[in-house]
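We have chain A already, so just place chain B with the ligands on it with the hints.
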Amino acid sequence: MASATEQSETDQVREIGHEEYDPIGTAILIGIYFLILVLLWLFMYFVEFLGNGPTVVGALLTVVGLA
Amino acid sequence: MEVTRMSSTASRTYLDQFPAEAKVIKAAFWSSFMALAIGGLLGLVQALHRTDVLRFIDPADYYTVLTAHGVLLAITFTIFFLVGIFTWAVTTSLDRGVVDIRFTWAWYIMMVVGTILVGVSILGGVVDAIPTYADVLFTFYAPLQAHPAFYVGLVLFVVGSWLAGADWFRTWWAWRKENPDERIPLPTFMALTTTLFWYLCTLGVALSILVFLLPWSLGIVDSVNPLLTRTLFWYFGHAVVYFWLMPAYMMWYIMLPKLSGGKLFSDPLARVVFVLFLLLSTPVGIHHQYLDPGIAEGYKFIAMTNTMFLLLPSLLTAFTVVASMEHGARQRGGTGYLGWLKALPWRDPVFTGMALAGLMFAAAGFSGMINAGMNINYLVHNSWWVVGHFHLTVGTAVALTFMAAAYWFIPQVTGKALWSRQLALGQVLLWFVGMTFMSNAMHRSGLFGMPRRTAEPQYQGFNFEPAVGTVGEINAQVALGAVLLTVALAMFLLNMVLTSFNDDSDSLPANTYAGTLSGPEDSPAVLDNLKLWTAIAVVLVIVGYTLPLASIVDSGGLFGPDISGFQLAIETDPALVLESVREVMP
Ligand code: HEM
Ligand SMILES: [Cu+2]
Numbered sequence: 001m002a003s004a005t006e007q008s009e010t011d012q013v014r015e016i017g018h019e020e021y022d023p024i025g026t027a028i029l030i031g032i033y034f035l036i037l038v039l040l041w042l043f044m045y046f047v048e049f050l051g052n053g054p055t056v057v058g059a060l061l062t063v064v065g066l067a
Numbered sequence: 001m002e003v004t005r006m007s008s009t010a011s012r013t014y015l016d017q018f019p020a021e022a023k024v025i026k027a028a029f030w031s032s033f034m035a036l037a038i039g040g041l042l043g044l045v046q047a048l049h050r051t052d053v054l055r056f057i058d059p060a061d062y063y064t065v066l067t068a069h070g071v072l073l074a075i076t077f078t079i080f081f082l083v084g085i086f087t088w089a090v091t092t093s094l095d096r097g098v099v100d101i102r103f104t105w106a107w108y109i110m111m112v113v114g115t116i117l118v119g120v121s122i123l124g125g126v127v128d129a130i131p132t133y134a135d136v137l138f139t140f141y142a143p144l145q146a147h148p149a150f151y152v153g154l155v156l157f158v159v160g161s162w163l164a165g166a167d168w169f170r171t172w173w174a175w176r177k178e179n180p181d182e183r184i185p186l187p188t189f190m191a192l193t194t195t196l197f198w199y200l201c202t203l204g205v206a207l208s209i210l211v212f213l214l215p216w217s218l219g220i221v222d223s224v225n226p227l228l229t230r231t232l233f234w235y236f237g238h239a240v241v242y243f244w245l246m247p248a249y250m251m252w253y254i255m256l257p258k259l260s261g262g263k264l265f266s267d268p269l270a271r272v273v274f275v276l277f278l279l280l281s282t283p284v285g286i287h288h289q290y291l292d293p294g295i296a297e298g299y300k301f302i303a304m305t306n307t308m309f310l311l312l313p314s315l316l317t318a319f320t321v322v323a324s325m326e327h328g329a330r331q332r333g334g335t336g337y338l339g340w341l342k343a344l345p346w347r348d349p350v351f352t353g354m355a356l357a358g359l360m361f362a363a364a365g366f367s368g369m370i371n372a373g374m375n376i377n378y379l380v381h382n383s384w385w386v387v388g389h390f391h392l393t394v395g396t397a398v399a400l401t402f403m404a405a406a407y408w409f410i411p412q413v414t415g416k417a418l419w420s421r422q423l424a425l426g427q428v429l430l431w432f433v434g435m436t437f438m439s440n441a442m443h444r445s446g447l448f449g450m451p452r453r454t455a456e457p458q459y460q461g462f463n464f465e466p467a468v469g470t471v472g473e474i475n476a477q478v479a480l481g482a483v484l485l486t487v488a489l490a491m492f493l494l495n496m497v498l499t500s501f502n503d504d505s506d507s508l509p510a511n512t513y514a515g516t517l518s519g520p521e522d523s524p525a526v527l528d529n530l531k532l533w534t535a536i537a538v539v540l541v542i543v544g545y546t547l548p549l550a551s552i553v554d555s556g557g558l559f560g561p562d563i564s565g566f567q568l569a570i571e572t573d574p575a576l577v578l579e580s581v582r583e584v585m586p
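In the order they appear, the protein sequences are chains A and B. If you count by the working numbering, then the first sequence holds residues 1 to 67, one letter each, in order. If you count by the working numbering, then the second sequence holds residues 1 to 586, one letter each, in order.
What the hints contain is simulated information worked out from the structure, not anything from laboratory work. Check before you lean on any hint, since a few could be wrong.
Below, a sample of chain B positions facing chain A; criterion: calculated Cβ distance under 8 angstroms [unchecked claim]:
no.	residue
1	Thr92
2	Ser223
3	Phe265
4	Val322
5	Glu326
6	His327
7	Leu338
8	Lys342
9	Trp346
10	Ala362
So the derived label-pair ranges between C-beta atoms look like this [claimed, not checked]:
no.	chain 1	residue 1	chain 2	residue 2	range
11	B	Leu315	A	Gly17	24 to 30 angstroms
12	B	Val553	A	Asp22	54 to 60 angstroms
13	B	Ala490	A	Phe43	35 to 41 angstroms
14	B	Phe301	A	Ile36	45 to 51 angstroms
15	B	Phe56	A	Asp11	55 to 61 angstroms
16	A	Glu19	B	Arg347	49 to 55 angstroms
17	A	Asp22	B	Phe309	26 to 32 angstroms
In this text the structure is predicted, and so the values were computed from the model without any measurement. Heads up, the beta-carbon is just placed ideally off N, CA and C, and yes, glycines get one too.
Just chain A, with the same shape it has in the complex:
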């Protein structure tokens, strides 16, 4: 087995094993990332469709009075 894996860390104040570790912060960060992705996708709708003259969707929105 490799002898080169790091074992000790000088700045370490406690040892957290596999069982007790719960990456909640990671879940939150990834949740935020997904939220940004969703918002950007919504934003893309404006860039892609509304910025480019009439499209099928644009025409529909005009019909129903949304744009």
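Then chain B with the ligands, alone, in the frame of chain A:
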């Protein structure tokens, strides 16, 4: 398996452990830095020229500059660094040297010779004394034609990288004989799976060059089928982006957790990710050809579906790597839902550079999803959006990770302490800021149709109309970003040079990588069955490419309709130019 480091290796650097290998790795790194230095400087020339801030080259020479920038950065810089890192990874994790160091030098020298041939061929475009031409951009699409030396150089470079792969495999086979029952150590596993898909994808580009482009450039055949060679290029061209990315991923998996003060969250998950890249890197290339006529929509749709599956390993990576960083931060005393972020070692340039590179890669994930969608791709295709996108991926996620890694690796292979940590920290921050300006502005200009690969995108009787802001403001951001990036580049190179001359060799860290919270023994042994995964990867490629290639050959012929090449090395005889101008002007 919890392993304690043998005390004999306690604070030994890589140079102490493997002095012979360290020399080759150091040479590979320096080859890589030289390409970065020249290529980066040319990037500044391009950015200033396009935005009309400073124009001192002939616009006809723009393509020579752009070819050199693309080839030197996307091919030379990245791959030389990769072979250095992978050689380190294999020898360190197997705890044994390469089988025959002469073989290692041989492939390195072969790659250097290839690079010199390619570089000189390109240089011929601007230096009259050199009779070559290669203004074909790094994609070398027919009917753009280069001097044979350019193609020969590329072949030598790629064959050199194949031999490097063979070197890592030989080393692993030798190790396996001595350790028949052990799992493949993770870093070696990463290097080997990456090598396997490199073999698979470079077959396409080798075919394209050896059977079509080189004979055509030599005049042995009269013409080629441009769509065929283009498709063969992209058969390789998507996988190569993962080839650049895998060493960066390796750094994120095995260095970032350690630097954060923790352990890799899951070794099995990391293996799954690399297996997925082996399977899916190649049968997706057609997603670069959504706008190519002559390829049926159905094939494009299959490529798009495969591409969306490729998001999976990247999202798995985001989770595993961030969770490992959080583990480190909490072991260092970090608390709270997000408060642990403060406990990360932000003063360490190696850590911060890699973390910022990862952050930029997350942003690139969004623009990549836009590129990958068949319909939305039409909006951004061949625009500066795409250039903005890949300066986040290869230009930052990869390049910044490599520069940050160099702050750790160069001391390891030279035995000399880093000259200045402060300068290094400032450098990674400045790159991040510069790229934020340049890439964001490039993305925005793509949205209103600013084309890429255009020396002077200023037209008479036509103005671009950004939805927000002005063209002037966007150009200013590109130019500013480019200047900041170039300054960051100079800071990096200065630090590397001064480190090489540093007398201080105290307090060098030992040559180690991250341990794991959940080790390989938690994963099924089948994950290490490289033959199985390679076989499936081959099948996927056959499924994804047979029909499109057959239909391209069927409709355009193997050697195409008679198309003679364009040799873009424009001989500008002033008298001739004047004459042709008179012809067009009334
Ligand atoms: C000093 C930093 C850099 C600057 C100022 C810069 C600038 C530019 C500019 C302005 C272009 C667009 C040219 C055009 O579309 O007409 C470009 C293209 C490109 N850049 Fe960079 N760049 C930098 C660093 C990098 C890095 C680090 C990489 C990769 C590792 C890279 C890879 C590329 C590639 C592959 C192209 C496309 C070439 C082509 O279209 O054929 N650049 N760069
Ligand atoms: Cu791609």
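These are the hints, each one checked on the structure:
Checking threonine 92 of chain B against chain A by beta carbon gives a least distance of about 5 angstroms; that is within 8 angstroms, so the hint holds. At its closest, the beta carbon of serine 223 of chain B sits 38 angstroms from a beta carbon of chain A; the interface hint therefore is violated under the 8 angstroms criterion. For phenylalanine 265 of chain B, the interface hint holds, since its Cβ comes within 8 angstroms of a Cβ in chain A; the closest pair sits about 7 angstroms apart. For valine 322 of chain B, the interface hint holds, the least distance from its beta-carbon to any beta-carbon of chain A being 5 angstroms, beneath 8 angstroms.
The interface hint given for glutamate 326 of chain B holds, since its Cβ lies 5 angstroms from the closest Cβ of chain A, which is under the 8 angstroms cut-off. Checking histidine 327 of chain B against chain A by beta carbon gives a least distance of about 6 angstroms; that is within 8 angstroms, so the hint holds. Checking leucine 338 of chain B against chain A by beta carbon gives a least distance of about 6 angstroms; that is within 8 angstroms, so the hint holds. Given hint, lysine 342 of chain B at the interface with chain A, is violated; its Cβ is 11 angstroms from that chain's nearest Cβ, farther than 8 angstroms.
Against a cut-off of 8 angstroms between C-beta atoms, the interface hint on tryptophan 346 of chain B is violated, since the closest Cβ of chain A lies about 13 angstroms away. At its closest, the beta carbon of alanine 362 of chain B sits 6 angstroms from a beta carbon of chain A; the interface hint therefore holds under the 8 angstroms criterion. A C-beta distance of roughly 26 angstroms is found between leucine 315 of chain B and glycine 17 of chain A, which places it inside the suggested range of 24 to 30 angstroms. Restraint check, valine 553 of chain B to aspartate 22 of chain A: a C-beta distance of roughly 56 angstroms satisfies the suggested window 54 to 60 angstroms.
Between alanine 490 of chain B and phenylalanine 43 of chain A the CB atoms are about 37 angstroms apart, so this pair conforms to the stated range of 35 to 41 angstroms. In this structure the supplied range 45 to 51 angstroms is violated for phenylalanine 301 of chain B paired with isoleucine 36 of chain A, their Cβ-Cβ distance being about 28 angstroms. The supplied range of 55 to 61 angstroms is broken by phenylalanine 56 of chain B and aspartate 11 of chain A, whose beta-carbon atoms lie about 50 angstroms from each other. In this structure the hint that glutamate 19 of chain A and arginine 347 of chain B lie 49 to 55 angstroms apart at CB is violated, the actual value being about 31 angstroms.
Checking the proposed 26 to 32 angstroms range against aspartate 22 of chain A and phenylalanine 309 of chain B shows it holds: the Cβ atoms sit about 29 angstroms from each other.
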